[in-house]
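All chains, full assembly: derive it from the sequences and hints.
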Amino acid sequence: MDALRGSEDRETLSTIVLALAGTRWQVVATARSFDTRNSQPLQRTFAGQPLSTDASMVDSRLAGVRHLLVGDLSDEDLDRAIIAPMPLASVLAQASSDLRKLLRNPFNLRLTAELTSKLTGVQHAQLLQVRSRVELLGRYWDWRIRNADKPAREALLKRLASSMLEGRRLQVVEEEPTVLGTDSAALESLLSQGVLSALDGPIPGVGRVLAFSHNILFDYATAIYVLYHPLDPKGLVKRLDADPTLPLVARPSFDLLVDMLWQARASDGFWPTALSVAGSEHVLASLAVASRVVNLAHEPDDLLELATSSEEATVSGDLSPRERLTSQAIGAFRARAVLPDPSNAVLPLAVLANRLADSAVTSYKVAALATDLVRALQSRAPVADNPTAAGTAERAATIAALLDAARSDAARMENLAGALVGQLEHVIGVSAEVRGAVERLLDDDAALAQWGGTVLTWLPDAILPVLAQDPHLARRLAAASMTFEETRDEDVAFGGSAIMPLRESRKQQAQHAAYQLGVIYPQICANDIITAAEIICDVFGGADSANETDMWPMVADGTTGWLEHGYGFGFSPYRNDDEQKMLASLAEALPEQQESAAQTAVGLLVSKVHDGWVWAALMHEPKHPARLCRVLLPAFESGTLLAHPDTFSQAANLLKALAQEGTILHQQLEAAVRNAINLVDQNGRSEHIKDVLVGCLDADTISDDAISAHRERLGNVPPDIPPPPLVIAETRPWSPIDHMLEQGVTLSPEIEEAARKLNKLLNETRDDKSVESQAIARLSDAFVDTSDVFASADTIPVQLHYLLVDVASRLARAEATSPGSSHAPLVLSVLTEAAASPDAGRFLS
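Sequence positions in the sequence shown follow my numbering and run 1 to 845.
No lab work stands behind these hints, which were simulated from the structure alone. Among these hints, one or two may not hold up.
[What the hints assert, rightly or not] Straight-line alpha carbon distances no greater than 27 Å define the calculated DSSO-like cross-link-like pairs of lysine-lysine that follow:
| id | residue 1 | residue 2 |
| --- | --- | --- |
| 1 | 690 | 581 |
| 2 | 623 | 581 |
| 3 | 760 | 623 |
| 4 | 581 | 507 |
| 5 | 118 | 101 |
| 6 | 581 | 608 |
| 7 | 760 | 581 |
| 8 | 623 | 690 |
| 9 | 760 | 507 |
| 10 | 623 | 757 |
| 11 | 118 | 234 |
| 12 | 507 | 757 |
| 13 | 150 | 118 |
| 14 | 623 | 608 |
| 15 | 158 | 234 |
| 16 | 158 | 238 |
As the structure is a prediction and not an experimental result, all values here were calculated from the model.
Structure follows, in structure tokens:
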């Protein structure tokens with residue numbers, strides 16, 4: 001069945017097999033993978049499950065076809081089967097690893113065995129130099145076809161290949177004009193050499209049928225006699241103009257021709273033809289060229305011919321042939337089916353990307369190609385898998401150059417900038433060049449103002465990779481993520497799906513950066529507590545001077561600071577709770593650090609953080625209050641945290657926990673309370689504050705006479721510590737429901753509760769990339785329940801309808817959702833209705 005190429009042959013086979021269905025016959029057909037993968041008739045005829053569960057014997061692209069994949073031989077198979085005195089044994093014994101790998105293929109082994117039966121010493125040496133199939137076929141042609149009567153033999157083979165290709169069959173009748181009367185000697189020699197084979201037709205002795213002895217010999221003959229023109233690089237395009245289907249019916253020949261031209265590229269044999277095809281309308285042929293290019297390239301400069309210089313870069317919307325072939329090569333590199341092992345192609349593609357970046361300032365298209373290329377490289381060969389691998393430096397240099405180029409035309413290159421900043425986390429830790437480009441980006445206020453959340457969203461992801469190499473840059477990235485103020489109300493793309501493309505506002509886009517910083521901040525604390533504290537200082541620190549620094553002074557191990565006067569409201573200028581999450585993470589991490597590092601971090605906070613609400617959030621309901629108080633005790637000793645209106649409640653709870661634990665010399669706690677009492681008097685605060693603070697101490701351990709007397713006056717039951725201001729104690733993540741309420745939308749308690757629950761469960765499945773099926777189950781149950789609640793209302797705001805759409809989209813993509821799922825009909829109904837909505841794709845403000 002290897003000879004079945006034409007649609008008629010495949011239909012004939014299909015008809016025969018279907019006719020035998022249900023009879024005692026079992027049909028076994030052999031066909032090469034390429035033909036089977038691209039033949040719907042064959043796949044339909046042999047529909048079913050693969051015959052093996054062994055991954056090495058199954059083609060994953062033929063999951064619905066009853067088949068076995070016959071792979072190459074192993075080295076053990078070769079050594080066991082090929083032994084002296086077989087002529088092939090001496091070649092195998094001296095073969096290089098590349099040649100041995102080539103000989104593991106049965107066809108290559110057969111061809112080599114035929115050649116070794118009659119080799120001269122020179123030919124033996126030449127055979128050992130073979131490294132590829134086209135080289136092996138070239139030797140075969142030289143020693144079996146071109147060794148005698150070359151013009152006649154090659155003329156006959158050209159006519160045979162052309163006739164077979166035109167007829168879409170690998171057989172041809174021995175008759176004129178394909179076989180001439182003068183071809184007798186050439187034909188018989190090719191038959192005796194085993195290049196061709198001959199079969200009788202239905203009537204013996206009448207109408208002999210000719211074929212190549214193997215279809216790969218036909219492929220090679222087609223490549224060199226039909227597709228290739230030695231004098232005209234555009235000859236292949238002209239052949240395609242005459243028969244545009246050739247890339248489909250003769251794809252193996254295309255691959256062989258590209259391989260041969262690639263080997264001849266030093267003599268200018270490859271690029272003129274490749275670029276001619278890329279510049280034509282024959283996209284399938286150009287894709288075939290690109291697919292082979294990424295398989296063949298392995299040297300650093302192999303692909304530099306694709307680089308478009310700044311002078312050549314086209315300004316129009318159309319891609320030049322070089323640009324088009326580059327784009328197609330990037331797509332081929334991404335496809336695992338085209339390039340199973342990308343390792344050899346990484347370096348030449350990285351070098352190409354770096355060269356393309358040189359023209360990024362003058363050509364947006366070239367910049368886009370270079371950006372797409374570095375993203376493709378990361379997807380197939382992640383830097384983290386091997387940071388020292390060849391090509392990593394070139395990839396990093398490309399990203400740095402493109403970032404600089406993007407700032408030259410910030411408005412036009414915004415999307416490219418977002419894609420590039422998304423790559424920073426992979427290279428910023430290994431490249432000083434990239435770190436320099438990021439510093440320049442952070443210094444460019446105009447570019448940041450233009451890009452906003454497009455790049456800010458990705459900055460937090462780069463913090464952990466750069467933390468060890470450049471803590472200062474990590475701080476700058478964090479500060480930019482948290483403090484950027486977006487003033488534009490316009491909406492921008494938010495991804496989405498084919499059913500409903502989504503939009504979001506610029507402000508929401510920028511807010512995600514703050515959220516993402518809160519997500520990774522605990523790991524920053526674990527890796528470098530001092531830089532974590534400096535980030536808090538950068539984000540929340542105030543000025544280093546104030547009019548009344550003596551009102552609430554702070555001291556910690558020689559470091560001085562102060563708190564601004566507060567009124568007990570714990571006011572935060574931020575809408576979301578991301579900042580408070582960060583402070584809670586710092587509070588959890590501080591007790592886990594070595595004492596010297598923890599005290600350095602506390603000293604930084606004392607000297608730089610002057611807002612009381614920040615300290616209040618730091619001390620609010622920690623997991624281990626006594627341990628946190630031990631770390632913060634140097635900052636407690638001045639009394640300010642215990643007496644200040646914004647921090648009193650939180651500090652008192654920590655003080656009480658540490659006093660009850662009894663692990664600190666009680667005189668230190670008494671000194672802190674004594675200083676706090678003085679500040680209460682100095683600033684005119686309530687006497688009740690003093691009572692609460694004294695009541696936090698252990699009555700049986702107090703040594704200070706004045707404090708002891710105060711404690712006695714309180715009796716056996718000291719006053720309770722008052723709760724902290726609700727603004728800190730009662731925080732919750734901002735949601736679209738809050739936005740609706742702010743706009744004056746009225747929701748019933750039932751609808752608001754259902755909407756908040758559904759939104760919370762949706763966010764949980766978004767945050768966890770490896771979300772478990774239980775989370776999807778909870779979301780699906782809430783989806784159905786919420787839909788019922790909404791349906792019971794007279795009217796529902798359009799924003800809540802699209803909350804249902806958002807959830808339906810998430811459920812549709814979940815592996816746990818199948819057509820048989822109980823919620824599947826509702827998911828389909830919601831998405832179908834949304835697709836027809838006039839609001840689809842519009843940002844709902």
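Restraint check for residue 118 with residue 101, where alpha carbons must lie at most 27 Å apart: holds (23 Å)
Holds or violated: residue 507 to residue 757, with C-alpha atoms at most 27 Å apart: Holds, at roughly 24 Å.
Restraint check for residue 581 with residue 608, where alpha carbons must lie at most 27 Å apart: holds (19 Å)
Pair hint outcome, residue 623 versus residue 757 [Cα-Cα no greater than 27 Å]: holds (26 Å)
27 Å limit on alpha-carbon distance, applied to hinted pair residue 623 and residue 581: Holds. Residue 623 to residue 581 sits at ~13 Å (cutoff 27 Å).
Pairwise hint evaluation, residue 608 against residue 623, where the allowed Cα distance is 27 Å at most: Distance of about 25 Å is within 27 Å: holds.
Proposed proximity, residue 690 with residue 623 (alpha carbon, max 27 Å): Given pair residue 623, residue 690 holds - Cα atoms ~26 Å apart, limit 27 Å.
Given pair status - residue 623, residue 760, alpha carbons within 27 Å: Holds. Residue 760 to residue 623 sits at ~24 Å (cutoff 27 Å).
Restraint status (C-alpha distance of residue 158 to residue 238 at most 27 Å): The given pair, whose Cα atoms are some 17 Å apart, holds under the 27 Å limit.
Pair hint residue 760 and residue 581, alpha-carbon separation not exceeding 27 Å: Given pair residue 760, residue 581 holds - Cα atoms ~17 Å apart, limit 27 Å.
Proposed proximity, residue 234 with residue 158 (alpha carbon, max 27 Å): holds (19 Å)
27 Å Cα cutoff - pair residue 118, residue 234: Status violated; Cα separation ~39 Å.
In summary, the numbered hints that this structure violates are 1 and 11.
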